[in-house]
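Asks: Spelled out, the chains give:
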Amino acid sequence: MNMIEFRNVTKIYEDKTAALKNVSLTIKKGEFVFLVGPSGSGKSTMIKLLIREIPVSGGAVFVAGRNICNLKQSRIPQLRRNIGSVFQDFKLLPNKTVFENVAFAFEVIGKPTYIIKLQVPQVLKLVGLEHKLQSYPHQLSAGEQQRVSIARAFVNRPPILLADEPTGNLDPVTSDGIMKLLSRINLIGTTVAMATHDKNIVNSMRRRVIELEEGEIIRDQKRGVYGI
Amino acid sequence: MKRNFLMFFTAISTVAITLFIVGFFLIIVYDVQSVLTSIKSQVEVAVYLKDNITDELKGYLENEIKGWDEVAEVTYVSKDQALEKFKKDNEGSEILKEIQGNPLPASFEIELTSPEKVEQIALRFVDKDGNFIEGVDEVIYGQNYVQKLFSITAIAGSIAFLIIIMLLLAAIVLVFNTIRLSIHARRKEIEVMKLVGATNWFVRIPFLFEGFFEGFVGSLISVILLYFMSNYLLIRGEKAIVDTMHVKELAILGTNNVILYIYAGIVVLGGLVGLLSSSFALKRYIRV
Chain A
1 MNMIEFRNVT
11 KIYEDKTAAL
21 KNVSLTIKKG
31 EFVFLVGPSG
41 SGKSTMIKLL
51 IREIPVSGGA
61 VFVAGRNICN
71 LKQSRIPQLR
81 RNIGSVFQDF
91 KLLPNKTVFE
101 NVAFAFEVIG
111 KPTYIIKLQV
121 PQVLKLVGLE
131 HKLQSYPHQL
141 SAGEQQRVSI
151 ARAFVNRPPI
161 LLADEPTGNL
171 DPVTSDGIMK
181 LLSRINLIGT
191 TVAMATHDKN
201 IVNSMRRRVI
211 ELEEGEIIRD
221 QKRGVYGI
Chain B
1 MKRNFLMFFT
11 AISTVAITLF
21 IVGFFLIIVY
31 DVQSVLTSIK
41 SQVEVAVYLK
51 DNITDELKGY
61 LENEIKGWDE
71 VAEVTYVSKD
81 QALEKFKKDN
91 EGSEILKEIQ
101 GNPLPASFEI
111 ELTSPEKVEQ
121 IALRFVDKDG
131 NFIEGVDEVI
141 YGQNYVQKLF
151 SITAIAGSIA
161 FLIIIMLLLA
171 AIVLVFNTIR
181 LSIHARRKEI
191 EVMKLVGATN
201 WFVRIPFLFE
211 GFFEGFVGSL
221 ISVILLYFMS
231 NYLLIRGEKA
241 IVDTMHVKEL
251 AILGTNNVIL
261 YIYAGIVVLG
271 GLVGLLSSSF
281 ALKRYIRV
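Those protein sequence lines, which keep their order, are chains A and B. The working numbering puts the first residue of the first sequence at 1, with every later residue one more than the last. The working numbering puts the first residue of the second sequence at 1, with every later residue one more than the last.
Think of the hints as simulated: they come from the structure by calculation, not from any bench. Treat each hint with caution, since some may be false.
[Stated by the list, open to error] As a list, the in silico DSSO-like pairs of lysine-lysine whose alpha-carbon atoms are at most 27 Å apart:
(1) B:Lys88 with B:Lys40
(2) A:Lys48 with B:Lys188
(3) B:Lys188 with A:Lys111
(4) A:Lys16 with B:Lys283
[To be verified] Selected chain B positions facing chain A (Cβ under 8 Å, derived; list incomplete):
(5) Ala170
(6) Glu189
(7) Glu191
(8) Val192
(9) Leu195
(10) Gly197
(11) Phe202
Fair warning: this is a prediction, and the values are worked out from it, not measured in the lab. All C-beta atoms in this analysis are idealised placements derived from N, C-alpha and C, irrespective of residue type, glycine included.
Using the sequences provided together with the hints, build the complete structure.
Replies: Right under this line is the structure:
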C-alpha cells in the first residue's frame, strides 16, 4: 500500500522560484526514507506539501490513497493528526513544561484528561525523558528538546512521521540517539520520511535514499548512501 | 494566561484609558450641547406695544401671532405685570425709588419652536417701509447676539462630533494594535497548534474569549474611573451650571440618565472592540 505518493508535482512559489519540478514518487507503508540534497533542492517543500502548509502548483499529492490537494480547509486538521512532524528548530513552546508540550498535541484534538495523564508519560518514557516531565525546554539539552518534539509528534500514534532536518542542530552522538528513536518508531509500523544533510547518518542507516537537486529527483535508491 | 500577564495587562489598560477619554469627552460634549440648546431655547421675541393701543388691535395681534407655526407660546404682559416684574427683579435697588408712575410698556413675549427663525418672526412686525406696524413700539430679540450664537453652536456641534469620531477611531486602532501584538507574541503557539492538527476554531476561541475579556474588563475599569470622576468632579461643574443657568438636561444631573447610557455604551463598545480586534488580528496568523 502506498502511504505517500507524489504524482507529477510542481511547486512554484510566489517569487517564481520553482521548488519542485514534475516530481513523482511513492513511499510504501512502513518504509523509512531519506530525502537528501543541498539546501533549496526541494526537501522541505515536499514536507510542507504533505501537511498542506502550502498548496501544490501542479500535479497531486496522495496520503494513504487520498488526494490531499483538493482537501477542504476544514479537513486539514484531520490530515495533520495523522502525520507527526518534527523540525530542526523543535517548535516547542517555551512556557510549557515537557509534559504540557506533549499533552498539547492531545488537548488540541480533544482527548480526555485521563488518557493524557496515562499516555503522555508512556511516550516520554519511550523517548527516554520520563524523569524530565516537569522541566521547561530551556532546561533541556538540544537533543532532549528534539526528543520532546518527537514524543509530541508520535503521541497520537500517527501512521506517518515527517522529520525536516531533525539532527540539523545536534552533535553526532546526540544525532545517533535521535536516529535510534526514529528507527524504533519506524519498526512498529510508522512510515518515516526524513529530510537531511547529514551524510554520516544516511550512510550508517542504509535505508532508501531519494536525492533531489534543483527540484528534481536525480536518484532513488534502496539501501542507499548519501552521495557519491 | 498567567504567563502572558504583561500583554494582558497592557491590553486592558489600553482599553481602560482610551475608553475613559472617550467617555469623559462625551459627558463634556453632552453638557456643552445642553447648555447651548438651553440658551437657544431662551431666545424669544419681545414685542413692545404702544401705550395707546386699542384692545381690539391687541386682540387681533395676539390671534395673528398664535396662528404662526414657529410660535410655541405667546404671553401677554400688561403694563402692571411688567412693573411688578421689574420691581421684583430689582428688589432693594435704588432705581425703584426713582420710578414714578409706570414707564414700562405692555408686551407680547413670544417663545419659538425653532429659535433659528427668530429673525423672520421679528421682521413680520415691520412693514415694507421699514417702520413697525400699527400699535407696535419696538421688537427686541438680541439681533446680533442671536446670529452669532447660532453659528457658534453649529460649529461647536460639528467639531465635537468630529472629535468624538476621531477619539473613537484612535481608541479602536490602539486596542486593535495591542491585541494584535499580544497575538503576534503567541504566533508560535498558534503555529504549533495548527501543526498538531488543531482546528481553526480550537485556535480561535481562546483568543476571541481573551480579546472580549480584555475589552470588557478594560471598559468596566474605565466606567469605574468615569463614575468617580463624575460623582466627585464633573457633578460640581454641573451643579454650578444648574444654579446659574437653570439648564435641566445635563449628562449626570439630568432626568434622562444620559450617564447610564454612556456607561452601558462604553461596556458594549469595549467588549465588541476586543472581540472584533482579536477576530481580525487572528486572520493573519491562523492560515498556517
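Asks: Could you work out which earlier hints the structure fails to respect and list their numbers in ascending sequence?
Replies: Failing hint: just 5.
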